[in-house]
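**Q** This is what each chain is made of:
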Amino acid sequence: MSLLEICGLRIAFGERLVVDMDRLEVDRAQIVGLAGESGSGKSMTTMAVLGLADTMGARVEGSIRLDGQELIGLPQHALREIRGRRVAMIFQSPGLAFNPVFRVGKIFLQALELHGAGSRSEAEERAAAALRSVYLSPELLNRYPWQLSGGQLQRISIAIALALRCDLLIADEPTSALDVTVQGDVLELLRGLREEREIGILFISHDLAVVAELCDQVAIMRSGRVVEFGPTDQVIADPQDAYTRELLAAVPKIVYRGVSR
Amino acid sequence: MTETVLSAPSRSSLIWRRVRENPLVAAGGAVAVVIVVVAILAPLLAPYPADAGSATHPLSVLLPPSASHWFGTDQVGRDIFSRVVYGARVSPVIAFFVILISCAVGIPLGLAAGFFGGFIDEAIMRVTDVFLAFPALLLALAFASVLPPSLTSTTLAITIAWWPWYTRLIRGQAASVAARPYVESCRALGISRMRIIFRHILPNAVTPLIVQISLDVGGVILTASALSFLGLGAQDPTPDWGLMVSQGQSYFTTQWWLVTFPGLAILITALGFNMLGDGLRDILDPRRTVRI
Amino acid sequence: MTRYLTQRVLLAIGVVAGVVVLTFLIARIVPGDPAVAWSGPHAPASEIAQVRRQLGLDRPVWVQIGKYFEGVFTGNWGTSIHTHRPVLSDLRKAVPASLELVIAALLIAVAIGVPLGLLSAAKRDRPVDQAVRVGSILGVSMPLFWMALIFQMVFFQKLHVLPVTGEYDPNVAFAHPLRTYTGMPVIDALITGNWPMLESSLSHLIMPAVVVAAYPAGVIARMVRASVLDTLGETHVQMVRALGFSERSVFARFAMKLAWSPVATVIALVFAYSLVNTFLVESIFDWPGLGNYAAASIASLDTPAITGVTLFIAIVYVVANLAVDVTQVLLDPRIKLQ
Numbered sequence: 075m076s077l078l079e080i081c082g083l084r085i086a087f088g089e090r091l092v093v094d095m096d097r098l099e100v101d102r103a104q105i106v107g108l109a110g111e112s113g114s115g116k117s118m119t120t121m122a123v124l125g126l127a128d129t130m131g132a133r134v135e136g137s138i139r140l141d142g143q144e145l146i147g148l149p150q151h152a153l154r155e156i157r158g159r160r161v162a163m164i165f166q167s168p169g170l171a172f173n174p175v176f177r178v179g180k181i182f183l184q185a186l187e188l189h190g191a192g193s194r195s196e197a198e199e200r201a202a203a204a205l206r207s208v209y210l211s212p213e214l215l216n217r218y219p220w221q222l223s224g225g226q227l228q229r230i231s232i233a234i235a236l237a238l239r240c241d242l243l244i245a246d247e248p249t250s251a252l253d254v255t256v257q258g259d260v261l262e263l264l265r266g267l268r269e270e271r272e273i274g275i276l277f278i279s280h281d282l283a284v285v286a287e288l289c290d291q292v293a294i295m296r297s298g299r300v301v302e303f304g305p306t307d308q309v310i311a312d313p314q315d316a317y318t319r320e321l322l323a324a325v326p327k328i329v330y331r332g333v334s335r
Numbered sequence: 004m005t006e007t008v009l010s011a012p013s014r015s016s017l018i019w020r021r022v023r024e025n026p027l028v029a030a031g032g033a034v035a036v037v038i039v040v041v042a043i044l045a046p047l048l049a050p051y052p053a054d055a056g057s058a059t060h061p062l063s064v065l066l067p068p069s070a071s072h073w074f075g076t077d078q079v080g081r082d083i084f085s086r087v088v089y090g091a092r093v094s095p096v097i098a099f100f101v102i103l104i105s106c107a108v109g110i111p112l113g114l115a116a117g118f119f120g121g122f123i124d125e126a127i128m129r130v131t132d133v134f135l136a137f138p139a140l141l142l143a144l145a146f147a148s149v150l151p152p153s154l155t156s157t158t159l160a161i162t163i164a165w166w167p168w169y170t171r172l173i174r175g176q177a178a179s180v181a182a183r184p185y186v187e188s189c190r191a192l193g194i195s196r197m198r199i200i201f202r203h204i205l206p207n208a209v210t211p212l213i214v215q216i217s218l219d220v221g222g223v224i225l226t227a228s229a230l231s232f233l234g235l236g237a238q239d240p241t242p243d244w245g246l247m248v249s250q251g252q253s254y255f256t257t258q259w260w261l262v263t264f265p266g267l268a269i270l271i272t273a274l275g276f277n278m279l280g281d282g283l284r285d286i287l288d289p290r291r292t293v294r295i
Numbered sequence: 597m598t599r600y601l602t603q604r605v606l607l608a609i610g611v612v613a614g615v616v617v618l619t620f621l622i623a624r625i626v627p628g629d630p631a632v633a634w635s636g637p638h639a640p641a642s643e644i645a646q647v648r649r650q651l652g653l654d655r656p657v658w659v660q661i662g663k664y665f666e667g668v669f670t671g672n673w674g675t676s677i678h679t680h681r682p683v684l685s686d687l688r689k690a691v692p693a694s695l696e697l698v699i700a701a702l703l704i705a706v707a708i709g710v711p712l713g714l715l716s717a718a719k720r721d722r723p724v725d726q727a728v729r730v731g732s733i734l735g736v737s738m739p740l741f742w743m744a745l746i747f748q749m750v751f752f753q754k755l756h757v758l759p760v761t762g763e764y765d766p767n768v769a770f771a772h773p774l775r776t777y778t779g780m781p782v783i784d785a786l787i788t789g790n791w792p793m794l795e796s797s798l799s800h801l802i803m804p805a806v807v808v809a810a811y812p813a814g815v816i817a818r819m820v821r822a823s824v825l826d827t828l829g830e831t832h833v834q835m836v837r838a839l840g841f842s843e844r845s846v847f848a849r850f851a852m853k854l855a856w857s858p859v860a861t862v863i864a865l866v867f868a869y870s871l872v873n874t875f876l877v878e879s880i881f882d883w884p885g886l887g888n889y890a891a892a893s894i895a896s897l898d899t900p901a902i903t904g905v906t907l908f909i910a911i912v913y914v915v916a917n918l919a920v921d922v923t924q925v926l927l928d929p930r931i932k933l934q
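Residue numbers (this note's numbering), protein chains in the order written: chain Y, 75 to 335; chain Z, 4 to 295; chain F, 597 to 934.
In short, the hints are calculated from the structure, not lab data.
Per the computed footprint, the stretches of chain F lying under chain Y, defined by three or more beta-carbons under 8 Å from a beta-carbon of chain Y, are: (1) 822-834; (2) 838-845; (3) 848-859.
Glycine included, each C-beta is placed from N, C-alpha and C at the ideal position.
So that you can see chain Y by itself, here it is in the shape it has in the complex (with noise of 0.2 Å):
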């Protein structure tokens, strides 16, 4: 059984249908990407994962399946104890993610509390912890977020989906909005969250290069469509979509796990 499994998803506004997914899974220990146009219904999927997509004014139906668990039509206290304790996100504006009149450190620890941490300090610890393990002081907790830089901000991120000891981690186009040099640095953890503490990451990007080289798997989406699901080098040797080919030919080189393309 995956960890996620999403079956005949269908958001649509209104009477506009945005996605229609027939298939998609991430396993544990895996790394799923999803890519595709600006517009191809991407992020409404992440968020109907978290259960929010009714409060950008969408509608859901079809099933996700989180380790078994049906999400779709589980009331909001169950959702909330879902949301930050087994499901994680990242955003694609670090800078934008964080409320600018709290500290870092704030969202942080209130978060922990809510997801019973325990006491204060053992909040504190495990967020000390989660932070040296993105290689960042614990220091910078006392800072604003615009005073740190977005790569930071984003290591901050994942690093509270690490100490809420998350099992699935959704993460809309983290990089994009990173120096590359950055970039590196923050696809490299992810390698590690899924390494060390084997867990599902759900990887939303409309750079098939990044997606390439970081993903197991890959998900290509069209106008709300998933037109090829497969592994990743075998997506990229072979595609079967025409609009897979257009997309790849678009990109001027690939290198996947030392194989280029």
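Following the hints, position chains Z and F against chain Y.
**A** Leaving out everything else, chains Z and F in the frame of chain Y:
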């Protein structure tokens, strides 16, 4: 759910759908259209067209609303309904000219300030800031009080108070577009500045401009009626709504209809255009798009 | 941050200077001769010439502007034509009454506007939201002078509930004399424990305050709604939702702090607007404030007085804007970055 085309809809169909979904725009638009129609067809709609002018009827002074005079008659016997109907020609015309001239003056200044930047920008914006340091009604009052009272003075006075808003609006738009890299490349390619302004900057500025204009119509009408109420605007026998309220003041305690109907006309007109503007702002606001 | 603030203060001073020049120019556009206006149309030429010298009208324009500036800063704002008293002392008498009115109106506007705006945002697009939105548009579309008359008709004529003119009942004032500290009857009555006067002045204050409150209430409700919805749509709010916080926590703990900033801005701006709106309302309620003074000045074409009022309110507006800038920096740390 049925099988639906998943490609992104065109911008115009998106806007049209939002218009249908938005009751504010529909209601406001309807009222605005009604006012304009009433203004155009005034001679046909008013039962006593002469009363909108200088006719007086000493024998039918201060009559309450009745079948022959739906809104009653005023202190010189004129039919109030006819005067209210003809009044629809006064306020919107003022609003039209105020906005026209404000745009004619404000937009070029704003374009110049935003596009050229530097000293020109500073100079224009400092002057604009001084004008914007006054609430619009105040500035209009100050100017109207030094000019001989008439509709023209009102129009002029309000225009002086209003043009800076357009300068600031356009300047913001122009500055943000001018800063974009593709405009730089246009310049590098040698494309003339005028061309850049007309083909790139203006189209982007149109949307907030439309919203601002529709909201301003209501504002100008309220300001104009306030000026007339204070005696600085239209003079008798012009059937200006604000003037009618002012004239009816002394009779108000016993002859309520002199004040009620013209004031109601002001309210409904301003309400209609404000709803329209508000609704348009909702529809055209780019921030409303959702990340898919 | 200090550099940003100094910049704003310098800018404000510059704008006020520009305002002074502009008001001077407005006053000088008057068709006709101010000296004649002062002495009266039948005065002999010698007297008019003397008045002209007195008023400094025979000097070149730039000297006149200089003298005017000097006058503004030393407290000589000219002499009112219709009261024959210094404009500044007229203002000093009239301002407290208007202040009382505008402050009361703003309190009412905030008390109505903020809860309705929050409600509107919480029940977005539902009937309550639509109703509040129409209500707030109604507030900003209201011709105040008309609303004042209607209110008088309904509450005084028909229902006999509220008094119609003045700040308080002169009979009550005679029986229970009021010591003046601030010039605002409600506050003076409160601090001196003069309960009959408190009741009288409060009951006289309600109607005009509610009328003046219509516009700011509409603006505030709309601003609160927009600000809350904007904040709720931002990424950092999605992040705390994704962390599992309840909607109530998200709203109260994380979103609200940021939502207040634009609302505070709007309240300060609306203060000056409301001050001008009193012009339309005070003469109807016989309220002895700035608006009544301005309306009387307009009716008698009293240019120095009109100029003085204009200058005063413009300064209030600029100061209010400055206060807003300062508070914004304190409330929203993001501004520090700019």
